[in-house]
Each structure stands twice: as C-alpha cells, then as structure tokens.
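Participant: Chain by chain, the residues run as shown.
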Amino acid sequence: MISGLTTQGDVAGDLSLECGAVIVGSGAGGATMAAELAEAGVDVIVLEEGGYHPTESFAAGTGRALRTLYRDGGGGLAFGRPWVLYTEGRCVGGSTVVNGGMSWRTPARVLDRWAEQEGLRAIREQDLDPYFTAIESRLSVGLQDPETIGRDSGLFKAGAEARGWNVIPNRRNQLHCAGTNNCSSGCPTGAKRSMLVTSVPRALSLGARVFADCRVDRVTRAGPGVTGVTGHVVRPGGRRGPRLTVRARTVIVAGGAVQTPALLMRSGLRSASGRLGRSLSLHPNAVVTAFFDEDVAGWQGVHQAFQVREFLSEGLLLTATNLTPPMLAAVLPAYGRELGELMARYNHIVTAGPLVSDTGTGLIRNVPGLGPQVFYQLTDRDAAQVVRGVELTAQALLAAGARRVLLPFDGAPGVRGPDELRRLLARPVPKRSLQLFSIHLMGTARMSEDPGRGVVGSFGEFHGVPGLFVSDASVFPGPVGINPMETVIALAMRNAQRLIERRGRLAG
Amino acid sequence: MAGPSSAPTPGPGQAPAEVPARRAARRFAEVACPPEVRADRRADRVLGEFGLMLGCLPPAARKALAAALVLLDQGARLYPPSRGRRFARLDDRVADAYVRALLARRGAAGAMVRRLKGFITMCYYELPEVQREIGYDPAPYIAAVSRRRLESYGPQIRAGEAAVFIPGTGPADGENP
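Going line by line, the protein sequences match chains C and Z. End of the first sequence = 508 in the numbering used here, gap-free, step of one. End of the second sequence = 685 in the numbering used here, gap-free, step of one.
If you're looking for bench data, these hints aren't it; they were derived computationally from the structure. Note that beta-carbon positions come from the ideal geometry of N, C-alpha and C, so glycine has one too. It is possible that some hints are incorrect.
The following residues of chain C were derived to be distant from chain Z, with all beta-carbon distances above 10 Å [to be verified]: (1) W83; (2) A108; (3) E147; (4) G225; (5) R249; (6) R309; (7) G336; (8) D410; (9) L425; (10) R432.
Computed beta-carbon distance windows for the label pairs [claimed, not checked]: (11) Z:K571 to C:P242: 46 to 56 Å; (12) C:A272 to Z:R656: 53 to 63 Å; (13) Z:R591 to C:A344: 46 to 56 Å; (14) Z:A575 to C:R266: 21 to 31 Å; (15) Z:D552 to C:G41: 49 to 59 Å.
Covered stretches of chain C, as calculated for chain Z (at least 3 residues, CB under 8 Å) [claimed, not checked]: (16) 52–64; (17) 179–190; (18) 364–378.
Next comes chain C alone, as it looks inside the complex (with noise of 0.2 Å):
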C-alpha cells in the first residue's frame, strides 16, 4: 500500500477531484513537476494513464513489458518513406522506466542556437547548470562500476578506438546498477534512478497524489485560461471505466511528443504558429547486426556503456545495444530456416547502430476511429546521415573482428569486410529499404518566444492560454542530438520554479 497512489482497481465511480496543479502524465517531465511542485507546499494531482508497476514487478521479458510498460505494446509506427517503429512508454515513471538511463547535459551549442534563433530566456548553459547539478545528485548520475561493463559494449569500444575514433563512458542515472541488461523490460532492482523510484516516490512522500490508470480526454477550459482537465478510468483490457474530472487553475501536459499535442488539439486547442503537433524530430535510429567468432553473450553487461562521440558535429552518436532474442528476431531479415540458424549464433552477436540528430518534418494528427497517428517523412539529408551512420557502425564493428555484419537496409546482403562494405554502399540506398525505429520523439510544441513561431513561451506557457503548460520533450525547438532525459528533468526543474515563484495562480 502507497500512501497517494491509487490505482484502477480503487475506484469503483466517477471521481472528482480538485487541486492546485494538474499534471498528466508521470514521465520526466510530469513527475519532476510534481515533485518540485509538492516540495513547495502546492496540491499537486497527477494523472497516468499506465498502470502502476513497481520494481519487484520486473523481470526479464520482452512480451511482458511490451504488454504492461509501453503504450500500444511498443508498436508505433510513424508513416512515411519509410515507416519508422517508435516506442513510448505508459506506465507510473513513463519512457523513464523503459529507457536505456543515459544522463547527459543539454549540448552548450544547442542551447545556444535554441536561444538565438527562438529568442528564448534563461536557457544558456550557465541558466541551467544549477539545474543539471540538482538532478544528476538527485538521480545518481555517474559512471558505470567497471565489473558490469559487457563483452559487447567492449568489442564495440575496441572497434572504434581502432579507427581512431572518440568514445565516452556513459553517463547514466543509476546507484550502483546491477548490468542486468533489463532496462528497456523496467529495472529489476531500482537501480536504474527512473522517475518510478525517484520522483514520484518522492512527490507522494510531499503530499502529492498519483493517479495510475487514469486516461485525459480534454483539457477544460473557460474564457482565456484552464479549469482543469476531464477523463476516464482504464479498465483492464483497455475498456472504459468510471469518469474522472478534476478542477484546477493550472494544467501541466506531460504525455510525450506524441500524446501531449494530440491531447491539446482534441481540447480544441490551435496555436497562432500553426505548429501545434508539427515539427516532430524523432532521432532515427537503425541497427547494425554483427557476427563474432567469440562468445559475447550481450546480454552480460549493462545496457548500453559507452558512446562514440567522433561524428556529433555531424549529429551522429553511435552505440552498442543489446536486444533481446524477441526483439533481435523481429528486426533480422530472415524468416524460418534462415531465422534459427542466424539466432543460434546469438551469443556471438553484437547489436549496435547510429543515432541521427534528424530535421524535424514529422507530425501528429488526431484520426477520428483511429486516434493519433504519426507522419513522417525522412529527409534526403537524414537518409544520407542514416546510410552514413550505418557505414560507420559496421566499419567500427568490423575493425573489432565482427566476421559478418548484417545492415538494417531491406534486401541488403551480409557484408564480410570492409571492401565489401565499401562496395554495396557505392550504390545508392534507396530511402524506402531503410530499416529505422525511434525511442526519441520531440518538437510537436516547441518552444518560442515568438508566438507566430512556437507553441509555448520560454517557460513552458501556452502562447495565449494562462495556466497551461506543456513539460516534456514536445517543447524542444530542435532535436538535441543526444540521449533527451535531462534536458526535459532540468526544464521541468526551472519551469516549476518559475511557477513557484509566480504561485498565487496555483492556489486550489
């Protein structure tokens, strides 16, 4: 029993309720926003539509997580040429509690052409360095215990140093972690700092109340501002349970890059730039299959330990993942016969692959019957940056000793070396064969001072709507080009202080 919390299977009617502040959603953005909230004395509600799983709930098991911790079972798909799978997670503590934990600072560089080019304030390096201190203290950023760094991350690391190439330790939010290698299935034993054990812990212990289970339909409005927001109970199964209302003069969205604008537009909400659910960035990203003559074993190890940060200028990070047996068979390109002999091998594979910092020219529309779907369509520069990406994954992976690599294009061959490599990507690769999933979906209300350019202010604000605030990786105005958690934890930080500091509105 958690004092705050309650869960589907506690309500048996309609509930309403009133509070000072409404968030929905309990992902980084949602639930630092508690927490910084409730720690200064404001009634705080939150409101998440997955369920409630906590720590002891984990174990390995791709199909189980998928069901319970992402939203649609992890099958996003992003139409365009070419579709792009993406995954968001729905569950108490949101993507945090599926993600890879990678900790990184907001590039200076990008907060900088963030500034500039959408006049925003506050938002320099030195503006949010107080911030990433609080937050890498509070959530145990650091380095790796050497003892849990796998063969797989080892190989690729020796791979790109042998091409001469920088690599980094990562950074990631985690006390003391175990390298279970279970991350994106929920950490099974807490030590990966996701919001689940950390924030909204801790906003519960401040007097929070979280509310598991619990689907926003609209965000209720009267004259100018908000009065709160109207939803339902989600039943097991998905069916529709009792009626949830909640009155408050300050309504926090924090659903992600895909549910936050749909949530927005289906409260009848437009923004004078137009760009409200436009100007979705989602980071490409395409694995590179690799075949050792040695034992790896991938799954040893934590998930991911080091990142290759040669090409970053470029806005390409590479870095070595391991999939589960599930996931690995359902991106291989192989079926049947073929499928189990390449699996057998599994323990010699090691799965890597670019992430690209993309140009942003997807967006989300509400289908009546369907709901929100995403749309998307990769740039010629972004496929060129993918293909290259890819190139760079499957030299870096060969220089380790990989004795075949297999490439995320549709009907591409195995490569065995480097002169082949060379070869087939001599000839164009047609954007459509490309093979590409996302984890990173941002920008569908961006920021900007400029009313007639973003969806919200400098703070979070809704242009032209007092009392709705948007904190999540919507509001980037780009894509930031790295691992996106701390950026949205450090502005959800500063846009709660700002509302602390400007708390009259925040009164019950």
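We have chain C already, so just place chain Z on it with the hints.
Facilitator: Below, chain Z without anything else, positioned relative to chain C:
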C-alpha cells in the same frame, strides 16, 4: 489505495485477444519461424503470445493486422504456383516461396508482411525453451548480479535510496556514493 500493481493492458493470467484468421496465422508462424516451431505444440503457444500482443494494440492496429492476415491468406490464390489455393492450404515449398515473394515486395504490402513476420517471430523467441536453446537464460544471471550489487555496495545503495525523500538534497555531487 493501491495494491501491488495494476494492469490496464493484458498481462499474465488475462485472456488473449482472439487471433484473427487463425489457420492463416498458424501457417504463417510455421513458415516465418524456424522449423522447430512445429515441435511440442510451440505453434499454439506462439499464437497464444500473438493473441496477448494483439490484445494491447489499439483497435485500428488490430484490425489492420487482421486484414493483413486475411489478405495474406486469400492473396495466395493469385500466386500462380498456389493453383488457386489459399495460404493456409499451401504445402511447405509453395508457402515458403509465397512468403519470400511477399517479404521482398516494396510498398505498404511488403512493409505489412515484414511487420507481421517481426511480430510472429518475436512471439516465438519469447518462449522460454527457445531462449534456452540459443543460450539466453537471464533469470539466474540477473539474480547473481543483483546479489553481487548488494554485497558490494549495500550501504551506499541504501543511502542513495533514502536520499530521494530528503527535501532539497540527494547523493553527493553527481557520482555514485
């Protein structure tokens, strides 16, 4: 008040969604998964997993996958070597050639079949005995490294966990305590 967990989407112990075009889905599993799928009622269990996954998809995606299975099944009649038979009734050689041709197709049809293949094979490799056969057995490993963590860093871990509840503070200076 909250119990130990909640599960708004299908979880352990809950009934899976009905698998659409079940015979076609089963035949597709037999072709898309390694040959061992035919042993020990594995195909049935793959379909069980498939049903659970379908249960957590939004209705539109469920319908799209159901439609894809029906099209896969009936579309085989237009594949000349099938001699007018649906996919569920094709022999192994023709079924394999048909699936190979579909997977190689460009456009939405090919993408949908590749997605279906990903879905079904993901369900196959979710089976514990299949994971053990390829040398993946994470539970004992997780137990061992979790124990090692507590033995090596117990006091620091307890201090770090407790710090979450101290207003305005946390573990020291951005590194593990």
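Participant: Could you run down the list of hints and mark each one as holding or not?
Facilitator: Here's how the hints hold up against the structure:
At roughly 6 Å, the least C-beta separation between W83 of chain C and chain Z is not larger than 10 Å, which violates its mark as non-interface. Its beta-carbon lying about 17 Å from the closest one in chain Z, A108 of chain C satisfies the requirement of being farther than 10 Å from that chain. A cut-off of 10 Å between C-beta atoms contradicts the statement that E147 of chain C is not in contact with chain Z; the least separation is 8 Å. Taking the minimum C-beta to C-beta distance to chain Z, about 30 Å, the non-interface status of G225 of chain C holds against the 10 Å cut.
No Cβ of chain Z approaches the Cβ of R249 of chain C within 10 Å, the least distance being about 25 Å, so the stated non-interface status holds. A cut-off of 10 Å between C-beta atoms confirms that R309 of chain C is not in contact with chain Z; the least separation is 19 Å. Here G336 of chain C does not stay apart from chain Z, with its beta-carbon only about 6 Å from theirs, under the 10 Å limit. With a closest Cβ-Cβ approach of about 8 Å to chain Z, D410 of chain C is found to fall inside the 10 Å limit, against its non-interface label.
Its beta-carbon lying about 20 Å from the closest one in chain Z, L425 of chain C satisfies the requirement of being farther than 10 Å from that chain. Under the 10 Å C-beta cut-off, the non-interface status given to R432 of chain C relative to chain Z is violated; the minimum distance is some 6 Å. The hinted window of 46 to 56 Å between K571 of chain Z and P242 of chain C is violated, with their beta carbons roughly 27 Å apart. Judged by the Cβ atoms, the range 53 to 63 Å given for A272 of chain C and R656 of chain Z holds: they are separated by roughly 56 Å.
Distance hint check: the CB atoms of R591 of chain Z and A344 of chain C are about 35 Å apart, inconsistent with the given range 46 to 56 Å. In this structure the hint that A575 of chain Z and R266 of chain C lie 21 to 31 Å apart at CB holds, the actual value being about 26 Å. Range check, D552 of chain Z to G41 of chain C: about 57 Å between beta-carbon atoms, so the 49 to 59 Å window is met. Under the rule that three or more residues need a Cβ within less than 8 Å of chain Z, the assignment of the stretch 52–64 of chain C holds, with 11 such residues.
As drawn, the stretch 179–190 of chain C meets chain Z at 7 residues by the rule of a beta-carbon pair under 8 Å; at three or more, the given contact holds. Taking a C-beta to C-beta cut-off of 8 Å, the stretch 364–378 of chain C contributes 3 residues in contact with chain Z, enough for the three needed, and the coverage statement holds.
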